[in-house]
Amino acid sequence: MSVLAYGVVAWLFLVGVYGVVTSRNLIHLVVCLSVSQSATDILLLEIGYRTGGHAPVFVSLPAHPGPAVDAVMQALALTDVVVGAAVTALLLALAVQVHKRAGTLDPDALRATRD
Amino acid sequence: MSRRARLVFFTAAAAALAVTLGAGLAGLPSFGSQITSYARMLNELAPRQRHVTDVVSAISFDYRGIDTLFEEFILLGAVTGISVLLRPLSDETRQLAEDKAPDRTIPPPSPAVWLLAVFLSSLLVLTGIETVTHGQLTPGGGFQGGVILASALYVVYLGTNYVTIERFQPQPLLEATDGVGAFGYVFIGLLGLLAGVGFLSNVVGLGVTGNLISGGTIPLLNLVVGVEVAASFAILASEFLDQTAVIRPRRR
Amino acid sequence: MSEAVIAVALVWVAASGTAVVLTTDPLRQAFVAGFFGLGLAFLYLSLQAGDVALSQIVVGAIALPLIVLLSLAKVGKDRG
Chain B
1 MSVLAYGVVA
11 WLFLVGVYGV
21 VTSRNLIHLV
31 VCLSVSQSAT
41 DILLLEIGYR
51 TGGHAPVFVS
61 LPAHPGPAVD
71 AVMQALALTD
81 VVVGAAVTAL
91 LLALAVQVHK
101 RAGTLDPDAL
111 RATRD
Chain D
1 MSRRARLVFF
11 TAAAAALAVT
21 LGAGLAGLPS
31 FGSQITSYAR
41 MLNELAPRQR
51 HVTDVVSAIS
61 FDYRGIDTLF
71 EEFILLGAVT
81 GISVLLRPLS
91 DETRQLAEDK
101 APDRTIPPPS
111 PAVWLLAVFL
121 SSLLVLTGIE
131 TVTHGQLTPG
141 GGFQGGVILA
151 SALYVVYLGT
161 NYVTIERFQP
171 QPLLEATDGV
181 GAFGYVFIGL
191 LGLLAGVGFL
201 SNVVGLGVTG
211 NLISGGTIPL
221 LNLVVGVEVA
231 ASFAILASEF
241 LDQTAVIRPR
251 RR
Chain S
1 MSEAVIAVAL
11 VWVAASGTAV
21 VLTTDPLRQA
31 FVAGFFGLGL
41 AFLYLSLQAG
51 DVALSQIVVG
61 AIALPLIVLL
71 SLAKVGKDRG
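Chains as they are written, first to last, in the working numbering: chain B, 1 to 115; chain D, 1 to 252; chain S, 1 to 80.
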């Protein structure tokens, strides 16, 4: 189980970077980057998981059933997801403006700006 | 660097990274075996100390409130960057001469779509407000509820058209709301300084666990973060909509 | 039992993540990314992280598809 859990994290990260390296379209590139980003969120939550644990919400439990999982990691991952979407939006705005100026979305066809 | 060379370089680097990642991940304790002692202590102490039932909210807005302040400002910075990037450039205009032609009004939406949009956006506003205000009791809070509130605006755009949105939620109002939300967080933090303890201390009365108003400054911070995130995502969508629907290249 | 659910969620996430990268047309990729986001939300729920799953559902179903599709519309309009 540990191998599967941590292996998926490493696989997602590398696959995302592969997508960024071999992409032919800037918008496709940005979505692949967001796949890489979610790999780090998964790792955070997996570190904080405890087998048989329940969510760290203690609503009217007579005696809470068993241990709770790590709440600090969830607090970290929670803001990460929302802010990651905003940064993805920033990159997409860049891609839209690049297309206006250069006429193409292919990273290989973009040249350095003329000086 | 040509495509082939880049791919070869990537394969070599990825292999090295995979080996390093594997060695690092293998050193972690096995999946599901234990959690850190800081987290265990907080799970024990937080409900008693702060009178909240959702420990994740207590950590985000109280024990590690300063980190959430930085995250909120990252969001603000990203949205400012988008506003700067997507401004009309020198060879673009928001209005072409033919926009003023008499037969160029936007056709009204079909009644079915309009009805669905009204129904859905009301539901979304209610759900958003419920998520924001119940952050200290159940999973939820300012970040999630803020995005749900912004999506009510998206549904209104989908059901009507861009002109309605622009009239109903003008850009300056959204930007002012964003700033007020961000400033509100800092202001609540300064309340702690004014009371003689540290920045972002929980200085308001704590209330009874399980009530809607409990946890001191935590529901207040949830509220300002909800306002700020809703305004940020609304600005984000309106900038992109501006680009798609309004800004066109200037005709020479 | 919960271990089996987590294993299924992990496999779903890994498979759809690979599919997102291998889909080259950005319009189709937006839909596959929605499926990937659903898998992520399911994984977060099975790891007992309610707050994070709520964030992922809200962001992955609302904010991300909106901006990707609007960017594609703008780029398509400029080209055609």
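FYI, nobody ran anything at the bench for these hints, they're computed from the structure. A portion of the hints provided could be inaccurate.
As the list claims (entries may be wrong) - Lysine-lysine pairs mimicking DSS-like chemistry, simulated, CA-CA at most 30 Å apart:
| no. | chain 1 | residue 1 | chain 2 | residue 2 |
| --- | --- | --- | --- | --- |
| 1 | S | K77 | B | K100 |
| 2 | D | K100 | S | K77 |
| 3 | D | K100 | B | K100 |
Said to hold, decoys possible - Non-contacting residues of chain B with respect to chain D, defined by C-beta distances greater than 10 Å in every case (computed):
| no. | residue |
| --- | --- |
| 4 | L29 |
| 5 | L33 |
| 6 | Q37 |
| 7 | P65 |
| 8 | T79 |
| 9 | V96 |
| 10 | Q97 |
| 11 | A102 |
| 12 | G103 |
| 13 | R111 |
Unchecked claim - FRET-style restraints, in silico, Cβ to Cβ:
| no. | chain 1 | residue 1 | chain 2 | residue 2 | range |
| --- | --- | --- | --- | --- | --- |
| 14 | B | D106 | D | V246 | 24 to 30 Å |
| 15 | B | V3 | D | A176 | 48 to 54 Å |
| 16 | S | A73 | D | A101 | 21 to 27 Å |
| 17 | D | R4 | S | L22 | 50 to 56 Å |
| 18 | B | A109 | D | A176 | 25 to 31 Å |
| 19 | D | V246 | S | R28 | 51 to 57 Å |
| 20 | S | A4 | D | R48 | 34 to 40 Å |
| 21 | D | V84 | B | M1 | 43 to 49 Å |
| 22 | D | R6 | S | A61 | 32 to 38 Å |
| 23 | B | A109 | D | G24 | 50 to 56 Å |
Even for Gly, the Cβ is constructed at its ideal location relative to N, Cα and C.
Now the hints, each set against the structure:
no., hint, result
1, S:K77 with B:K100, "holds, 11 Å"
2, D:K100 with S:K77, "holds, 22 Å"
3, D:K100 with B:K100, "holds, 26 Å"
4, L29, "holds, 13 Å"
5, L33, "holds, 14 Å"
6, Q37, "holds, 14 Å"
7, P65, "holds, 13 Å"
8, T79, "violated, 4 Å"
9, V96, "violated, 6 Å"
10, Q97, "violated, 6 Å"
11, A102, "holds, 14 Å"
12, G103, "holds, 12 Å"
13, R111, "holds, 14 Å"
14, B:D106 with D:V246: 24 to 30 Å, "holds, 27 Å"
15, B:V3 with D:A176: 48 to 54 Å, "holds, 52 Å"
16, S:A73 with D:A101: 21 to 27 Å, "holds, 24 Å"
17, D:R4 with S:L22: 50 to 56 Å, "violated, 19 Å"
18, B:A109 with D:A176: 25 to 31 Å, "violated, 41 Å"
19, D:V246 with S:R28: 51 to 57 Å, "violated, 28 Å"
20, S:A4 with D:R48: 34 to 40 Å, "holds, 35 Å"
21, D:V84 with B:M1: 43 to 49 Å, "holds, 47 Å"
22, D:R6 with S:A61: 32 to 38 Å, "holds, 34 Å"
23, B:A109 with D:G24: 50 to 56 Å, "violated, 37 Å"
In summary, the structure is inconsistent with hints 8, 9, 10, 17, 18, 19, 23 from the numbered list given earlier, while agreeing with the others.
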